[in-house]
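Engineer: Here's the letter readout for the chains.
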Amino acid sequence: DTGVSQDPRHKITKRGQNVTFRCDPISEHNRLYWYRQTLGQGPEFLTYFQNEAQLEKSRLLSDRFSAERPKGSFSTLEIQRTEQGDSAMYLCASGRSGNTIYFGEGSWLTVV
Amino acid sequence: AQTVTQSQPEMSVQEAETVTLSCTYDTSESDYYLFWYKQPPSRQMILVIRQEAYKQQNATENRFSVNFQKAAKSFSLKISDSQLGDAAMYFCAYRSAVAYGGSQGNLIFGKGTKLSVKP
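Taken in order, these protein sequences are the chains called A and B.
Heads up, the first sequence is in my numbering, so the first residue is 1 and it goes up one at a time.
Heads up, the second sequence is in my numbering, so the first residue is 1 and it goes up one at a time.
Listed next, the in silico DSSO-like pairs over lysine-lysine satisfying Cα-Cα at most 27 Å (straight line): (1) 11/A / 71/A; (2) 55/B / 111/B; (3) 114/B / 11/A; (4) 114/B / 78/B; (5) 114/B / 73/B; (6) 55/B / 73/B; (7) 70/B / 114/B; (8) 57/A / 111/B; (9) 11/A / 111/B.
Simulated from the structure, these hints should not be mistaken for laboratory data.
Based on the provided sequences and hints, a complete structural model is requested.
Structural biologist: Here it is as structure tokens:
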């Protein structure tokens, strides 16, 4: 069991640059979630995929954010024209219908 | 909309003692799941325990147990025989068991309780 893996673990970028995070879910999981977590807060839901279909997006996900899961396996989360307010940890999680959701270790983003 | 409230930002317990973390939630649904997740300083979120709302019996996992009061919408976590490795942020989370409007059960988290364990 390789668990949910995320890459990169840490990213420092200048304001205005684009960044992309990758998530590899547990292989048999059809559902994949992206969350954002800032210091001292619980994770906030961003978006959700069932297989390759993006079924739900939070209002937190502005037009600068886009997520894909092209083959129903790994997923990418891209942030365009980053802003300092985007600094957070981006968590990926996966699960199967009705079952527990498992989290990756997260990708830390710092926008300077 | 569902909400989850953890009223204790920080808690402290002596090693080998017992501590209870509180969680309340608000929902109009009757079918749902509740979870406690642990997030150690390394930051990976780890599932501690899970409770199905239709089950009256409280879930137990080794030293961890819950007190699930459905009518009161309360879901507290009890940690017995606390160990240094239990020190972490603990998050209570809610997940709907009913799919509607495209929502497929994403987790709604509380703000967390930071647990310190004193040797």
